[in-house]
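**Student:** Given only the sequences and the hints, what does the whole structure look like? Please build it.
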Amino acid sequence: MALYSRPRNTRLLVVSLVMASLITITIDYRGGESGPFEVAGRGALSVVGALQGAVSRVVRPIGDFFTGLAHVGSLKSENEHLKNEIQRLKEQSQESTSLQRQNKELFAILRLTQNLGLTGVAATVIGEGIGNFEWTRTIDRGEADGIRVNMPVVSGEGLVGHVVEVSGHSSKIQLIIDPDSAVAGRLASSGETGLVVGQRDQDLTMDLVSPEAKIFAGEQVITSGYQTGLYPPEILIGTVSHSVTQPGTLTKVLALRPAVDFSALEFVFVVTGPSEP
Amino acid sequence: MRRTLAWTAVVLTGLVLQSTAFAQVKLGGAKPDLVYLVTIVLAFLEGPTSGATAGFFGGMAEDFLLNLPKGITALTLTIVGYSVGATRQYMVTPSPLLPVAMVGAATTLGIVFNQLVTFLLGQHPGTFYVLKIALLAGLYNAILTPILFPVIRRVAEASRAK
Numbered sequence: 001m002a003l004y005s006r007p008r009n010t011r012l013l014v015v016s017l018v019m020a021s022l023i024t025i026t027i028d029y030r031g032g033e034s035g036p037f038e039v040a041g042r043g044a045l046s047v048v049g050a051l052q053g054a055v056s057r058v059v060r061p062i063g064d065f066f067t068g069l070a071h072v073g074s075l076k077s078e079n080e081h082l083k084n085e086i087q088r089l090k091e092q093s094q095e096s097t098s099l100q101r102q103n104k105e106l107f108a109i110l111r112l113t114q115n116l117g118l119t120g121v122a123a124t125v126i127g128e129g130i131g132n133f134e135w136t137r138t139i140d141r142g143e144a145d146g147i148r149v150n151m152p153v154v155s156g157e158g159l160v161g162h163v164v165e166v167s168g169h170s171s172k173i174q175l176i177i178d179p180d181s182a183v184a185g186r187l188a189s190s191g192e193t194g195l196v197v198g199q200r201d202q203d204l205t206m207d208l209v210s211p212e213a214k215i216f217a218g219e220q221v222i223t224s225g226y227q228t229g230l231y232p233p234e235i236l237i238g239t240v241s242h243s244v245t246q247p248g249t250l251t252k253v254l255a256l257r258p259a260v261d262f263s264a265l266e267f268v269f270v271v272t273g274p275s276e277p
Numbered sequence: 001m002r003r004t005l006a007w008t009a010v011v012l013t014g015l016v017l018q019s020t021a022f023a024q025v026k027l028g029g030a031k032p033d034l035v036y037l038v039t040i041v042l043a044f045l046e047g048p049t050s051g052a053t054a055g056f057f058g059g060m061a062e063d064f065l066l067n068l069p070k071g072i073t074a075l076t077l078t079i080v081g082y083s084v085g086a087t088r089q090y091m092v093t094p095s096p097l098l099p100v101a102m103v104g105a106a107t108t109l110g111i112v113f114n115q116l117v118t119f120l121l122g123q124h125p126g127t128f129y130v131l132k133i134a135l136l137a138g139l140y141n142a143i144l145t146p147i148l149f150p151v152i153r154r155v156a157e158a159s160r161a162k
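Those protein sequence lines, which keep their order, are chains A and B. Numbering-wise, the working numbering puts 46 at position 46 of the first sequence, and it's gapless, one number per residue. Numbering-wise, the working numbering puts 35 at position 35 of the second sequence, and it's gapless, one number per residue.
Incorrect hints may appear among the rest.
[What the hints assert, rightly or not] With the Cβ distance kept under 7 Å, some of the chain B side facing chain A (calculated, not the full set):
{"#": "1", "residue": "K31"}
{"#": "2", "residue": "G71"}
{"#": "3", "residue": "P125"}
Simulated from the structure, these hints should not be mistaken for laboratory data. Cβ atoms here follow ideal geometry from the backbone N, Cα and C, with glycine treated the same way.
**Tutor:** So, in structure tokens, the structure goes:
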């Protein structure tokens, strides 16, 4: 049943709506994180976080369901979980071959001891981003738990991403496989640095600063952790799978397999504060 | 007034389903987009004016859940809603495949347009990936149409009856 609406009124309406959309895009694009629409965005995240949390709690198998219930409001089991995460991160850090290289530098040894303890909050992944073109996860911790935008997020396997949006009791994390994610990385053996960029469902790419760097297949890449950077140092990003030489340029690009299996990501750790001494 | 409430409920339900149930169930790596589906079906049933309006508000609502500048999906769906409503008036086949085909085609074109706008705003979608996802999402939406179309049409008729 098609309506024969008056063409001129319809066109006027559509033009107004298109203008309103364009104005909204401009305001939000320029407003950035403090724009006027971010408040509504946070509200939406609260609602979606609550919904996704509710659904994921029902859908998980019974065993996990009861474990989840036990975690809620229980400090003791959360402490246990945190301890396990920290232990796993410690073991992983020690396995990294970068330890062998940095032992030669006194200053680096001091820093390494500092970096073994990460302070933060453990969280459960309750949902994915709803669109087809963003690589995010929603977690069940938010502002009330001390989480703020830009905090780094890790898991037992390695670097996960960083917080991009926070509401009262849930947060949104952008994964390192998102094409808009850029992480300063360092090759474990040579110490050469480069920028690690997400490539959706493909391997990550690492743009090396120095094209003459020597690379070994399967070599680990860790966060380089500059003071002004987003991520703490020594966190495993991935392993080198092969190198891609761009014809006609002087740059060297590596393909990295991410350390974290994002399809099976269930528990993460948001780094909220400076490392324990 | 009743109509507005009914359509708002339909769009919001689509959005909720999109965030929860359909966030996990993928077709070849693509998720459907129920807000596109609802907008296109609405435009199909009610014409270009309702299509454009529903597209604007549904798209804006979806924008608030995404990690992108707000307004892009509103823009896309306003245009999609208007176009579907306007062209639908010239198609007179009673075939039930018509809404399925329109949903599939309009979803695919809408997603490509949407990603083009995000590209202009500095995101990096990746041409091949966009095309692959747009086609798969269009297909997924088309598959869901025979199930959801009768439901939406019931709502439309119920809210219209006086």
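**Student:** Determine for every hint whether it applies to the structure shown.
**Tutor:** Quick rundown of the hints versus the structure:
Because the closest C-beta pair between K31(B) and chain A is about 5 Å apart, less than 7 Å, the hint holds. Nearest Cβ of chain A to the Cβ of G71(B): about 3 Å, under the 7 Å cut. The hint holds. A least Cβ separation of about 6 Å between P125(B) and chain A falls short of the 7 Å threshold, and the interface hint therefore holds.
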